[in-house]
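S.K.: Since the structure of chain A is already known, use the hints to place chain B on it.
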Amino acid sequence: MQVRYLVKEGFSGFQRAKLSMASAIITICISLLLLSCFTILLINANNVVELLREKVEMEAFLQGDLSLEAVAGVRGRIASLNGVRETKYVSKEEAAAIFKDQFGEDIYSVLNFNPLPPSVKISLKTGFRTLKAASAVYDSVRSIAGVEDVIYRKDLLEMLDKRAVGLLWLMFGIGVFVTISSVFLVANTIRLAIYSKRTIIRTMKLIGATRGFIRTPFFIEGLVQGFIGGCASAGVVFVIFGYLGRWVSIQLSDFVRIDPYYYGIIVGVGCLLGVIGSLISIRRFIGESVAN
Amino acid sequence: MIELLNVSVSFEGQHVLDKIGFEMKRNEFVYLVGQTGAGKSSLMRLLYMDLKPNNGRVKVAGYDSKTITNKQVPLLRRRLGVIFQDFRLLDDRNVYENVAFALYVTNARRTDIKKKVLHALSDVGLSHKRNQMPNELSGGEQQRVVIARAIVNEPVMILADEPTGNLDPMVSAEIMELLRKINMRGTAILMSTHNYELVKKYPARIVQLVDGSLSEVELKSKKSFS
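Chains A and B, in that order, give the protein sequences.
Residue 216 in my numbering sits at position 216 of the first sequence; the count goes up by one each step and never skips.
Residue 58 in my numbering sits at position 58 of the second sequence; the count goes up by one each step and never skips.
Note that these hints are calculated values from the structure, not bench results.
In this text, all values refer to a predicted model and were calculated from it rather than measured experimentally.
Check the hints yourself; a few may be wrong.
[To be verified] Simulated crosslink set (BS3-like; lysine-lysine; CA at most 27 Å straight-line):
no., chain 1, residue 1, chain 2, residue 2
1, A, K8, B, K129
2, B, K66, A, K8
3, A, K8, B, K114
4, B, K115, A, K8
Isolated chain A, as found in the complex:
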């Protein structure tokens, strides 16, 4: 195999067909940019939903006359339940302090006594922050002797389960659409670029080039186009979310988190898009008659 020749041929498009090469790279860059921005929003939307779910805490209010030993027993039984990550005991006095923090007034100055019951704050494990799982935990806690009442943000979980999940699915669907569109867009642009090289493909076939030999330079070309388009796209994403985002709003840049390896993924997907686009396009021309 003429490796040196094939590699040289793969890079020759930069000299011989500057315009079609540039349009393929720009198309890959724009497609990836769309895809990246969408993925970043999708991942971060998911982060927000998870953040909201983390806020869902359960609070089990205990009977006021329980001894410290009984409280410890109840707390232990709650902690041993499936789905419970950790528990925190809030005594009557601590509840009164929280009340003061929230309302600015001492409970004793309002009522002359402290009606706030002691409670156990329960945080749930990751997989149990859904309405169904939380309800099961709720029932279990409710059935423990010594527990008078249990509250949690059922409405928030209901909303997250119904709307946010639906929204995530919608975004995922749009993501799939954007991905497929990107592949077609890139394949079409590359096809146009390869169309202009039909003569070369026919001549190669005529003089006895194997399909693998014909494909290789286009494979390399697609890889290089994808790499450059991917790097350009990663650069633009960095500028938008890393720099401009901070300029628009500090909160926005805190909200949108991009892991450094994500830029590598953009470049990798760019290479993949370039190669797939090239191979899809070449497949059509490689099967044509050499006599046309």
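M.R.: Structure of chain B alone, referenced to chain A:
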């Protein structure tokens, strides 16, 4: 070298070649004549296996249309040199690279490529124009580059599909001289043509395609070409 046995080809139900038989030996020079649309190009395509017959079998340089695999087709084509009327040179590379291109695909050694290309260019008298681009050459010169590309692999046979079709009589004669010289060195040549004067000037065996049938003809008058 070439053997066509009872070969039929049809496109969309229309017979282009009808049960033709043909044999051609090593070192032979054969003219293929016939009207436009008579099936000359289809017959050429059968020989470099760009087209498979609907019936019958085609044997070329040891390969059989019945048994040849897709992977073997490039190997057959490396043993043939194909020349077209419209040259089919690669506009984006110079004369040397156009000829060398045929060797790159055969995995020839780099040291051999230079030697063989310069040898082929010298055979067609274009060594001094090796760095020119195709669009800087005349029609005759472009066809000579194509011939150099066809012979650089030392093929056992050249299939020339109206190689002088786009050239004036003087240049056509030069190309014929070149093809005759190549033939004298042992390469078989099958050349399709309309050019009566050329066939008259450079006599050889003639086969004619009429209504899908192939027959041997003697050169008597210009009429036998129409």
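S.K.: Decide, hint by hint, whether the structure agrees.
M.R.: Now for the hints, and whether the structure bears them out:
Pair hint A/K8 plus B/K129 holds up; C-alpha atoms about 23 Å apart against a cutoff of 27 Å. For the given pair, B/K66 sits about 38 Å from A/K8 by alpha-carbon distance, which is inconsistent with the 27 Å threshold. Between A/K8 and B/K114 the alpha-carbon distance is near 17 Å, which keeps this suggested pair within the 27 Å criterion. Taken as a hint, the B/K115 and A/K8 pair is honoured in the structure, with Cα atoms around 21 Å apart against an allowance of 27 Å.
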